[in-house]
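Chains as they are written, first to last, in UniProt numbering: chain A, 1 to 421; chain B, 1 to 421; chain C, 1 to 421; chain D, 1 to 112; chain E, 1 to 112; chain F, 1 to 112.
The hints are simulated quantities; they were obtained by calculation from the structure and are not laboratory data.
All values derive from a computational prediction rather than experimental measurement.
Don't be surprised by glycine CBs; every beta carbon is placed ideally from N, CA and C.
Treat each hint with caution, since some may be false.
Stated by the list, open to error - Which chain C residues stay away from chain D? Per the calculated CB distances, all over 10 Å, these:
#, residue
1, G71
2, F81
3, K164
4, H360
What the hints assert, rightly or not - Think about it this way: if two alpha-carbon atoms lie no more than 30 Å apart in a straight line, the pair counts; the simulated DSBU-like pairs of lysine-lysine are:
#, chain 1, residue 1, chain 2, residue 2
5, A, K198, A, K262
6, C, K385, C, K198
7, A, K385, C, K262
8, D, K60, F, K22
9, A, K191, D, K85
10, D, K85, F, K60
11, F, K26, D, K60
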Amino acid sequence: MNFNSGDTAWVLIAGALVIFMTPGLAFFYGGMVRSKNVLAMLMQNFVVMGIVSVLWVFVTYSLAFGVDLGGFGVIGTLHFFGLGHITQAVPGYSGPLTQHIPPLVFVIFQMSFAIITPAIITGSSADRLAFGPFVVFIILWSILVYAPVAHWVFSPNGWLFKLKVEDFAGGNVVEINSGAAGVALAIVIGKRRGWPHKPMAPHSVPLALLGGGILWFGWFGFNAGSALAANTLAAHAFINTNTAGACGMLSWLVFERLRGGKSTTLGAVSGAVAGLVAITPSCGFVDIFGASAIGLIAGLVCAYAITLKFKAGVDDALDVGGVHLVGGIVGTLLIGVVGTSAVSGINGILYGGSALLLLHQLIAVLACGLYSFSMTWLIAKTIDKTMGLRISQEQENEGMDTSLHAESAYEFGSSILEAFK
Amino acid sequence: MNFNSGDTAWVLIAGALVIFMTPGLAFFYGGMVRSKNVLAMLMQNFVVMGIVSVLWVFVTYSLAFGVDLGGFGVIGTLHFFGLGHITQAVPGYSGPLTQHIPPLVFVIFQMSFAIITPAIITGSSADRLAFGPFVVFIILWSILVYAPVAHWVFSPNGWLFKLKVEDFAGGNVVEINSGAAGVALAIVIGKRRGWPHKPMAPHSVPLALLGGGILWFGWFGFNAGSALAANTLAAHAFINTNTAGACGMLSWLVFERLRGGKSTTLGAVSGAVAGLVAITPSCGFVDIFGASAIGLIAGLVCAYAITLKFKAGVDDALDVGGVHLVGGIVGTLLIGVVGTSAVSGINGILYGGSALLLLHQLIAVLACGLYSFSMTWLIAKTIDKTMGLRISQEQENEGMDTSLHAESAYEFGSSILEAFK
Amino acid sequence: MNFNSGDTAWVLIAGALVIFMTPGLAFFYGGMVRSKNVLAMLMQNFVVMGIVSVLWVFVTYSLAFGVDLGGFGVIGTLHFFGLGHITQAVPGYSGPLTQHIPPLVFVIFQMSFAIITPAIITGSSADRLAFGPFVVFIILWSILVYAPVAHWVFSPNGWLFKLKVEDFAGGNVVEINSGAAGVALAIVIGKRRGWPHKPMAPHSVPLALLGGGILWFGWFGFNAGSALAANTLAAHAFINTNTAGACGMLSWLVFERLRGGKSTTLGAVSGAVAGLVAITPSCGFVDIFGASAIGLIAGLVCAYAITLKFKAGVDDALDVGGVHLVGGIVGTLLIGVVGTSAVSGINGILYGGSALLLLHQLIAVLACGLYSFSMTWLIAKTIDKTMGLRISQEQENEGMDTSLHAESAYEFGSSILEAFK
Amino acid sequence: MKLIVAIIKPFKLEDVANALSKIDIKGMTVSEVQGYGRQAGHTEVYRGAEYQTRFVPKLKVEIVVADEALDEVMELVVTAARTEKIGDGKVWVIDLDELIRVRTGERGIDAI
Amino acid sequence: MKLIVAIIKPFKLEDVANALSKIDIKGMTVSEVQGYGRQAGHTEVYRGAEYQTRFVPKLKVEIVVADEALDEVMELVVTAARTEKIGDGKVWVIDLDELIRVRTGERGIDAI
Amino acid sequence: MKLIVAIIKPFKLEDVANALSKIDIKGMTVSEVQGYGRQAGHTEVYRGAEYQTRFVPKLKVEIVVADEALDEVMELVVTAARTEKIGDGKVWVIDLDELIRVRTGERGIDAI
Ligand SMILES: Nc1ncnc2c1ncn2[C@@H]1O[C@H](COP(=O)(O)OP(=O)(O)O)[C@@H](O)[C@H]1O
Ligand SMILES: Nc1ncnc2c1ncn2[C@@H]1O[C@H](COP(=O)(O)OP(=O)(O)O)[C@@H](O)[C@H]1O
Ligand SMILES: Nc1ncnc2c1ncn2[C@@H]1O[C@H](COP(=O)(O)OP(=O)(O)O)[C@@H](O)[C@H]1O
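Using the sequences and the hints given, assemble the complete structure.
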């Protein structure tokens, strides 16, 4: 096979960048929880890397991208189990771009998505999810939720793909999917003791910002890597990503001021993430005006959306729903509005396109969101009834780090503890 | 257009690396301020990413690289407003390399420079710059200072470019420009309360070193990416960058010992940054001997230069002048001494080149340095007279994090605050 | 020369990634020491970057990859001193792949290995190694240990290379080499005051995990970059790396549970590193089943191996021996078992290969391990007798940061110290 | 005046402060301390090295009260801080010679 | 001997120490505490969740003095720590039974 | 009952606690403080700005004892904490009016 080394280099490094996003997410989340729970949060994210990496090469890649089972576009077979037959092109793809990069590079790149998606969910159940049940949850969720949804949207044989739903880098597969799952999990597991009247301030905003910085960096791999080539389309995705992140940050900060408060650093980074989430599905379909609009809207809408959890009484601790579900919906739908064929052949209604596109996008949003929500609810409920999903009240008081993992995150004023234990 | 995918991949990832440098810089600076001001410092750097990203695609890219206005080589037009006409090659470039990467990739890469340059300035005014005025400052500075200076030096139609001034990766545009601006801003805003007799020790040297590590990493994108291709020239720039950073570190440490003190970690990373600054303009013109010399000299000169602020009574808090201005001058001028045609066709006087090169470099240093200094002074003074540039004494005492942004950076011993607010 | 820009881009970015691993290692180690010694640990790692970067371009690259001295395959000459003759291909390589990337890119990539290897050693002597002697140690070790071992294994003229020993990315040169050296250094320098009865808990597990995250990220450059091209082999190395890291994490966690304890975050990241170490030599020779096996075995074996130091009474503070030496041996030997020609032409005994391969691997392990151990012992002993290797008891009590470097790492509750010194 | 010093479990601070605010005692000074006593710490494990911490994080609450209020306040503090599990802490009382409010210079009971 | 305990605003420590060094009192022990009183804390906002902190960072300064020096030192401390804004803090005085200098075993006033 | 307050060098805590555990005193409360006195701090340098810290980290150990035990405990603490170098710290003694164990409500000596 005569692969293009430049494209291959780009997708390889993009894959590495996206894998780096999961530790980044760990720090983003870890900084936002209290110091007694930070290791448990980091642990969940790192362990997702362990579990999903192995699942992917043996099972879930094949379920997501393998030969379609029965032609319904619902799920793949185990054709690629253990990376067997991996020199074959991805089933369903054809045309000149099919084999410009080694199929194994595609496996790697898609793996990075499969890892970060369940990792995002960990934010909603922060501070109270037991570790053993968490491991079971991740395995089941990857197989029963991630693999099918990825098949529907990303596999050329998936039913949403065939419906011509557009999702450049995972607005449905990653963002809506994890966001809806996060809300379901938060509902099943219940509120943290003391929420919402008790303040649960971030223990290290700089750590959260470090995570945010890594996420922004990695997102270039996420979105521009999804072009699967080092070309003009990748460049469009890249600049749109950066612009939308920037606009999301600015509009979130404006929202904070309009509400009468001060602009906060956590708001800045949250807004950036909201913009980045929203541009994920759309980055390959819009121009810089569209990207700006999407970023600005996402920043405002998400800044508002995260306040809804207080009204709904759902303790989505780190706003997985408000940012990823809502941001993912915003970006997925807006393709149908501001998509422009000047970038890649699809026009939203603003550019004279048919409303059918918007309808298809809506179907995708509903299908993925509802499937993920209900399936996650079911998985979580089942685990809760059998193993128990939640740590004990005493563990919650003491903190998860010492009670679940026998570790303390920090020993700064070490003199006392060091001298004598 | 038939773009080279390998070159495109390289410049895309280089752009991502340089964008990652701005969070890196935020941590480098954030670690060096006191814990009550760290978020404000991070905030300024993150907000620069938000503001300049948007400005660039709409306005400043076009001003810097657009069709020259009137042919004076002073500023571009708004030809590329909102990335219009962006399939056109950069005006003024010609020859085979012109279109080997998509023009949009060039826009991205140059954006990363436009972001980090004003971010560097934030170090000089640390601990006392008000947030609203800061936002205004950054907008004005990007348009009135960054865009023209970038046009002069980087645009093929710029007057310094046409004078054959050599600046491989932004010694003038980034380093001298930000360094001179930093000094001007520090002068206008005035000293911190208690400076210099009151100690203002870094609150987290590890955070500063994390920033330093990210900067070093990103600098490979900065310098080797400036070759705009994945080729031998990029490799020269890469190895020169690393060597000069290393030499800067070592000579700064030696300087510390010679002055009778201990070698410090902050000294190590500061020396590395000094070396990296100085090699920025020169990395594509010198060999490994030249790079070593530049790094060693920069480490020594900058280590000495940062002590001058105490004599001058200018509270350039994080040594933007001592490191970026001075390091940038060292590297820009030394091209005229140790530049060698073995690397890219230009000989410094040591290699038999004409003194004219050195003269041109000197003109560039003076033009960029003086323009930046005076224009920044004017902008800062204007803002100071109208909105006020500086926070109140009470805010300075309390710290910027709580007073400007309603956040505390850390809650380690969270028991008290968590239990009860 | 007509270089391949895609391959060049890949190896350049891989080199940058690996250079970024050394700060990553610094944080990994720095998080695990007590807060009074963290800067000294970071300092050692950053200074290694300074020293080895310079040594490499002037001396050690040439010793490692230069024309063989006398044809014994033991050491190179100074042919490439100061990067002279650097347009020549690496001596000994021939065939189509020889000149697909600029030789200078190879110099860069190999430099990143030469830097991180001695940096790894710093973990064993943590909390007690004096700074001046450390500098001398690194210089001597790079010349007397790293350069020859790299020549033996990586240079086509090296005796182990000619013996057809397989080491894809440095199991011998980096892992066994640094691991054996770490054990020797720990023996010569002696135990920390109070070890092992006194607890010396990590001062910041999040910092250690940040380091671990950076290491995982950089390891893609390390291993997949070692293909020296952006191709299918690089993809194999990439996915094997990720899989083995994941498996190492999981099996280490299982080991912790089997021993009756809780699974720890430091265990998760340690297991990942163990898996990554073990896959380093083997990533280009095994398939996903082999990589999984290697990762699982490495996690278990290393988790057990780190407990041996307590039995042996050797204070290898951060387990350089238990992880790098043992993991390196596991990975190097297992090539002879699970190597498969389906990936790159070599069969281990499980795939019908000859036991000769295993024998050669064993010879390499013994040669590199024993040479590194004894040479390091000699160097350390000599320094100890002449300059003294170890800090004073008072410095150990007070902490290295203030006593060696006149710095405190953190000032969180800054009010007291800030107000008045 | 008396100084009541209470060593309590950290998560009991809210209850103690709430109890006191009911009798209009709205001032106190709190610091983080490490307690050593009958209550055992937790086990920590770092790379296989396992140990038992002997110090347990506690809060030290200091409240200046008028002599008359002493018994009532002590009673309230002890009741609010109690969990009936080992490690609930101690309360001790110190007699004060003098008290001044820095802002005004008021002395004695007026300064509380 | 008396133990003077002063709860002060953190940025006032320098002034207090300078004042004392003038009358040749050069020893003290300082710790970080959280004060709860009339002075309100600041508002913090995290992703839209807003709250008011009730504790304010203070320093606790402890100074052992001879009985004779008590009044002068108290006066100096109070004056140096005063900003006349709410939250300036309290100073209280405790009688000591004994004092020893660890290094020498000296007791009483000699140990100060 | 008496409250013994000892300001000691941090690395001496282990010795102090060990000494006390021999006479079956197994409770204490420890906090981190900064000491200011004859002992000089260390020099710190940040980018060429050099200064001398005046505060030295110390631990404050508080032990409640019965009147009878006072002398023995003080003696043990002072001996265990001594290095004979400047900065070893001080020990002072405060008389307590009352002591309660929160868990049980026991008072006085029984509460120790
Ligand atoms: N003799 C003592 N002097 C000072 N503080 C003590 C003493 N004994 C106990 N304490 C403090 O009281 C806390 C609780 O004591 P502990 O013996 O654990 O439980 P309990 O008071 O319920 O019997 C300890 O953590 C310590 O802070
Ligand atoms: N009853 C009290 N007991 C102990 N400390 C107190 C008491 N009341 C106030 N404080 C301390 O004094 C500080 C200042 O008190 P506050 O009421 O805010 O202002 P002011 O003393 O100026 O009236 C508080 O932050 C707290 O640390
Ligand atoms: N007058 C004082 N009041 C309160 N604490 C004091 C006083 N003098 C000294 N200290 C404490 O004792 C510690 C040791 O005192 P220092 O004068 O340095 O040495 P030494 O006690 O050996 O003479 C100081 O760091 C401080 O914490």
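Going back to the hint list, which numbers does this structure go against? none
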